[in-house]
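*Asks:* This is what each chain is made of:
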Amino acid sequence: MAAQLQFRDVTLGYDRHPAVHHLSGEVVSGALVAVVGPNGAGKSTLFRGIVGILRPLSGAIEHGGLDIRDIAYLPQTADIDRSFPISVFDFVGTGLWRATGFFGGMGKSARDKIAQALASVGLNGFENRAIGTLSGGQMQRMLFARVLLQDARMIVLDEPFNAIDARTSADLLALVRRWHAEGRTVLAALHDFDLVRANFPETLLLARGKVAWGATAEVLTGDNLQEARRMCEAFDDGAAACVADNLPSRAA
Amino acid sequence: MRRSSLWLFCLVIAAAAWPARAEDRLKVVASFSILGDFVKNVGGDRVEVTTLVGPNGDVHVYTPAPADAKKIADARLVVINGLGLEGWLPRLVQSSGSKAVIVTATDGIVPLKSGSAADPHAWQSVTNAKIYVANIRDALVAADSGDAAAFRVNADGYLAKLEGLDRDVRAAMAQIPPARRKVISTHGAFGYFAAAYGVEFIAPLGVSTDSEASARDIADIITQIRVAKIPAVFVENISDPRLIQRISAETGAGIGGTLYSDSLTGEKGDAPTYIDMVRHNIKALNHALTP
Amino acid sequence: MLLYDALIAPFIEFEFMRRALAAVIALALGGAPIGVFLMLRRMSLVGDAMAHAILPGAAIGFLLSGLNLFAMTTGGLIAGFTVAILAGVVARTTELKEDASLATFYLVSLALGVTIVSIHGTNIDLLHVLFGNILAMDDPTLLVIAFNTTITLLVLAVIYRPLVVESVDPVFLRTVSRAGTPAHLAFLALVVLNLVNGFHALGTLLAVGLMILPAGIARFWSRDITGMICIAVGSAMVSGYAGLVLSFQTRIPSGPAVILVAAALYVFSVLFGNVSGLVRQMFPGRHLEA
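So the protein lines, in turn, are chains A, B and C.
Numbering that gives the first Met the number 0 puts the first sequence at residues 0 to 251.
Numbering that gives the first Met the number 0 puts the second sequence at residues 0 to 290.
Numbering that gives the first Met the number 0 puts the third sequence at residues 0 to 289.
Hints may be right or wrong, so weigh each one.
Just so you have them, the derived chain A footprint on chain C, three or more residues with Cβ under 8 Å [claimed, not checked]:
| hint | stretch |
| --- | --- |
| 1 | 164 to 171 |
| 2 | 174 to 185 |
| 3 | 223 to 236 |
Taking CB as the label site, the calculated pair distances span [unchecked claim]:
| hint | chain 1 | residue 1 | chain 2 | residue 2 | range |
| --- | --- | --- | --- | --- | --- |
| 4 | A | ARG176 | C | ARG41 | 36 to 46 Å |
| 5 | A | GLU181 | C | ASP223 | 28 to 38 Å |
| 6 | A | ARG166 | C | ASP223 | 29 to 39 Å |
| 7 | A | ARG176 | C | ARG177 | 24 to 34 Å |
| 8 | C | VAL274 | A | SER108 | 30 to 40 Å |
| 9 | A | ARG68 | C | THR92 | 11 to 21 Å |
Residues from chain C that face chain B, not an exhaustive set, calculated with beta carbons under 7 Å [to be verified]:
| hint | residue |
| --- | --- |
| 10 | PHE13 |
| 11 | LEU134 |
| 12 | ALA135 |
| 13 | ASP137 |
| 14 | LEU243 |
| 15 | SER246 |
| 16 | PHE247 |
| 17 | ARG250 |
These aren't lab readings, by the way, just hints derived from the structure by calculation.
The structure displayed is predicted, hence computed values, not measured ones.
Where is the CB? At the ideal position from N, CA and C, for every residue including glycine.
One chain only, chain A, in its complex shape:
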């Protein structure tokens, strides 16, 4: 199967310090991948690199011919201005951006799609609420609905189940499984290993560099997890400029 995403020795970071160091590998089209690792492992940084918000410090990320703007992204801490006077309906409706552009009209079919998306995440009845009145969990569900509408070939979710109760998590997971069944490529950063083992066939264990990547059962072993925990979280201010390509990462 074709590779949807290719990491070519990519290093991503801030202010020249690497948060993801020399990652190589590929994600097959249609895969369902969980990205796990301790806090500070570089999961959010990696995702920002994938959707184009962060430019790599070195190396490259290739998207297999996919336009970067056709990737749906659900960020971890949304920079959303909750005081902005917009309704849930209109906010979710922006998910249709790639279809309507910034000038296209929103006909009946579009409005139906929006209503359906809201129903799928259990937010029917919330159409006219201002987004500032939503709880954390409702906000998360609303963002899910928007991702639904984006109808993207690749979906990147950064800790999507953080503020959500078990019942809603189950509903949203059903959506994720549906996407996988539809052949879309899905990556999700997660903390709950049980959830990962139960739902995600493939896992990347990240600790600022690749610790293990492959079938979930083989990746989430005690040894691997211990190795990941050993990685240091803080940036090393005294680090020299990185020279070799194949040396094992100092961080891990």
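Using the hints, position chains B and C against chain A.
*Replies:* Below, chains B and C without anything else, positioned relative to chain A:
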């Protein structure tokens, strides 16, 4: 001595004497262009005049620069208008630490009122201008008695010119039928002219350039023009001319050119000296108001 | 009839009143929507900053062609655009936020302007000359305001969607479209256009006031941006009309009169507005069943 060395000797003496002669010139600072003109006419080449607010400047809202403090510090005399015109001046003089004598050119003039304050534009009446000149002459004489004779001669000559100017103004105004001696101008600076020569000036704004008109004020002026059939509207080189043009468009009153009130123009302008300024103004008034 | 005399007669009788009313309505139509976006993007003080930022442009216009209002306004526009665009670009490509970026650029611009003016030597208060008066609406000025409003409404219609999304969730917009930055810059250009032409025609107080106060008023009556824009435009028009009448019946200068009416509406909204009005907050009434 030989001819050439005699010439050389004279040259050297002249050269040595020259700076001495220049140092004899009295340094005077005038606050704005009209006063500067008066001082030049009375002092002639015996004075070195610097003006703070130059041609086309606005003396009401002037912000002094550090260079001005230096000019004042070097001067022996500072000639000001007084009557509240130069609000920014007393602090400037104080901070410059100058030992100069301050001469108020309006001493002895009974001021007209503008609202609750005094109207400072006393120079608009040529009779007052003669008092200005007299005050300046006396101040120059007191400061430099060596040149007193020259000052008196200059002053007398200039006063005679002003006398002639006054007669000309009265003659020009006499040519205008009394019913038509009414004019609108943006800047209410012509109070003294109006009082001295019998022309009524109606202005939409107050005396300074800062206050803003209300709709009622404009409506009243338009009504007044319509009712009293005022023939002309004058625009000025300082305030917003668009207001005047609006009033003119709505009443049919003609726009009568520019009247100069607070400042002289540059060399190439219509009013490089005080006398030119007054002549220009009466020509414009005459032209607009005679039927 | 007394009411007729007070409210309608002044406009029938005097052409300058009709022109002032036309100008204020056009300004409301163009400026109020811009003001709503400024408020939502926390840029409400940009009006004052811009009033100073345009000085070097006006000064150069003055140096080149004397007291020619067209030259000075064009210069002011160029200076305003430069400051706005530079500030916007710096804010988006560096760590510096929008407000600090604008503050630094306008201060530089102002200093340049003061230097240019003082080198030349004349002390005419350039900005005073540049700023107009609503009672003096001549044909060219009315045309300028009408042109303004038309361009503003057209451009706003085009950039409305990206502008809204950019304001509420900029990261999302970046991931789906490249329209974010151009839309933002176009918005800044509209702000400058409205402000400079507003200054030229009506003076700082009215131009900025009719942008920002109506937006503030609208905030208290609507939770939806479309509703806010409508209320802002409406309250701007009412303020303009009532202000002119006030200036006619009493002797309050016209610019301040309009702003005073807007301010009264604003105070009323702060106290009694539907959305977070103070009185509403103190006496919310019984809570609902569900």
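*Asks:* Which of the numbered hints above does this structure break?
*Replies:* none
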